[in-house]
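Given the coordinates of chain A, work out where chain B should sit on it, guided by the hints.
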Amino acid sequence: MIGQIAKGERKLALANLGFAYAAFLIGTLCGLLQVFIRNDALTLPGWLDYYQVLTAHGLLLAIVFTTFFIFAFFQAGMSRTLGSFGPKVLLWNWIGFIVTSLGTLLVVIMVIGGQASVLYTFYAPLQAHGLFYVGLALFVIGTWIQGFALVGHYQLWRKQHKGELSPLFAFMTVATIILWVIACLGVVAAVLFQFIPWAFGMVDGINVELSRSLFWYFGHPLVYFWLLPAYMAWYVIVPKILGTKVFSDSLARLSFVLFILFSIPVGFHHQLTEPGIASFWKFLQTVLTFMVIIPSLMTAFSMFATFELRGRELGGKGLFGWFRKLPWKDVRFTSIFIAMAFFIPGGAGGIINASFQMNEVIHNTLWVVGHFHITVGTPVAMTFFGLTFWLIPYLTGRRFTKALQKLAFIQIISWSVGMLLMSTAQHVLGLMGAPRRTAYTGYAHDDALAWFDGVLSNHVTMAVGGSILFLSASLLIFIVIQLWWMAPKADVHQAESFPIAPSDASATPRFLENWKLWIGIAFVLIAVAYTIPLADLIQHAPPGSGRFQTW
Amino acid sequence: MHLHKYEKIWLIFGIMALIIFLSVVGVSAFHQGHTPSGGHKKIDPEKVSETAPFDQPGVHEKEDGTYEVVMVGKAFGYDPGKIQVPAGKEIMFTVTSSDVVHSFSIVGTNVNMMVVPGEINHKKHTFQEPGTYLVICNEYCGSGHHFMSTEIEVVEQ
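Residue numbers (the UniProt record's numbering), protein chains in the order written: chain A, 1 to 551; chain B, 1 to 157.
Think of the hints as simulated: they come from the structure by calculation, not from any bench. The hints are all genuine.
Below 30 Å or equal to it, Euclidean Cα-Cα: the simulated DSS-like pairs (lysine-lysine) are:
#1 B/K8 with A/K317
#2 B/K5 with A/K317
#3 A/K245 with B/K5
#4 A/K240 with B/K5
Examples of chain B residues toward chain A, derived with CB under 7 Å:
#5 E7
#6 V25
#7 T35
#8 G38
#9 G39
#10 G118
#11 G142
Here are the simulated distance ranges between beta carbons:
#12 A/A278 with B/Q128: 26 to 32 Å
#13 A/S279 with B/A87: 25 to 31 Å
#14 B/D55 with A/L192: 35 to 41 Å
#15 A/V417 with B/K41: 48 to 54 Å
#16 B/I20 with A/D446: 33 to 39 Å
#17 A/G3 with B/I20: 46 to 52 Å
#18 B/K41 with A/S506: 55 to 61 Å
#19 B/A52 with A/F200: 34 to 40 Å
#20 B/Q84 with A/V417: 44 to 50 Å
#21 A/A341 with B/Q128: 37 to 43 Å
#22 B/Q128 with A/G454: 21 to 27 Å
#23 B/T126 with A/A341: 39 to 45 Å
#24 A/F409 with B/E156: 55 to 61 Å
Cβ coordinates follow ideal geometry from the N, Cα and C atoms, glycine included.
Just chain A, with the same shape it has in the complex:
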């Protein structure tokens, strides 16, 4: 079949996708339980605790679903754009997949066993079972193995194509993997040198503020690790669905380079209300955080430029006539367009969160929960849904039938409605002071009673939204199962394709693909932003904290 990738890569990508959607199903079910518990409408059986469910929800959706999906997308796309994997590349991808899966299973077993109700941030000195941290380490190592295997495939291609710029999809994949590997250094250092020795009793104390700073060195670029694959879909896949080309090859590459540079030295904006870090360093990282908005502005421009140019080509007249000419009946496009639309308030909210003292208004309130549900929970997740609709039938050789397309529309619309209700309620409640990460919030105070009043400012609205979201998630699982095993086999003419838009790289400067340069600058920026405050935390460390299991 034309454009079909080799069987080995298909199996590999499907394995990652299967793991991703299993995590998605359990993770969204946990979310459903949470909104009911928060309204005092559900009591869990004795062997299950709210915070256990919350830990599972965060880990399974934010970490497991995203990561496994991203690698499936990378593996399929790298094979599609650079050619089939050699046996070594394929083998190492499988080894990486197995290590990542083992790590995940270890973590899940610890959470289910009640040994790790520490939420996905696992802040010390809450101490989970040592194997929980071992599982986290294996997870990261597994992703590195898969990442390096993909980079190896890319290097082989470059050797065979001396002097050429790599295809845009491959360039962006490599940029995302570089970002991920550099970001993980922080969490790996914390887990290997702080958490594991401490959890297994080899040392008695842990430097809490240092562990938090290392976590957030990882925690912010983590969100860009989710976002960049979505941006890849926006830059490379969407124009093809529209029947056009990439707006500007050089700007697309430049924006990814800027993400490598500016998404890492910014973690302190998650720690603005904490002691132990001087205001100067918090503010410096606030400034760097704002720098990372620029590549997102570039992306927004490229997207709408693509839409308008194509809409006009299709005969759209007047100022906004092009808008109606876009292929709204194609759910592969509409899903991603809605995802982008959600990112407008999502990004604006992010600017508020990072704005230094303004952070005090919303820090650790439900606002933050609302924020990440309209960033990773919709722009990223719904882009992934939009990819799923063609990626699974592409890999299984089945058809995304008209009936399934209709269901897919219901799925993305219900997800949008549910998310709009839930996240709006969360934003408003957060402004009213309602905390995040709490079970039923029955504080006996007028301010807290107001959190159950009103239309949008109500925990009940949140629960209605959450319930719609779970229905939507179930529908998606149904579609996935259909596309995987049930839908009719496609013949040559009906086969789904992996859409890759042409991108004219003839005017793209070569230095954009000089990774040594960008990695070097990234480390300089990291050194500037982190060396002094981290050294200060190590030199002036208080006596370490002991081990606490307060759940």
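Same frame as chain A, but now just chain B:
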């Protein structure tokens, strides 16, 4: 690298907006003193109750007429529990934790502090309105996290 004219306008507009935002935030922080809570002093998390000022938690009036509230967070409450402070007076909140990470967050104000073991955190605040203020822990601290709250009684003087 070719930049479309509209893209130049868009990026200049965006970058200018970011510069304005940052300037507002920076001037407010470093000129007017509106920095978020913070602090440099360390403390032995196992000896909190023996270490000044946490050996005497509570409300202290200082010589210059301002107040200091010394507070310890622990699973799942605050020491002291309910306190009373005057309206219209500047209050310095000084907090730490004797076990895991908590927060000290007064609903309806900008007091929203992380309470980290080993570290001492500070925040200045003046209550303008008398009344009962709800204090909650908004950082997960264990199975009783959602029960961790107290109240501050702000009275007219």
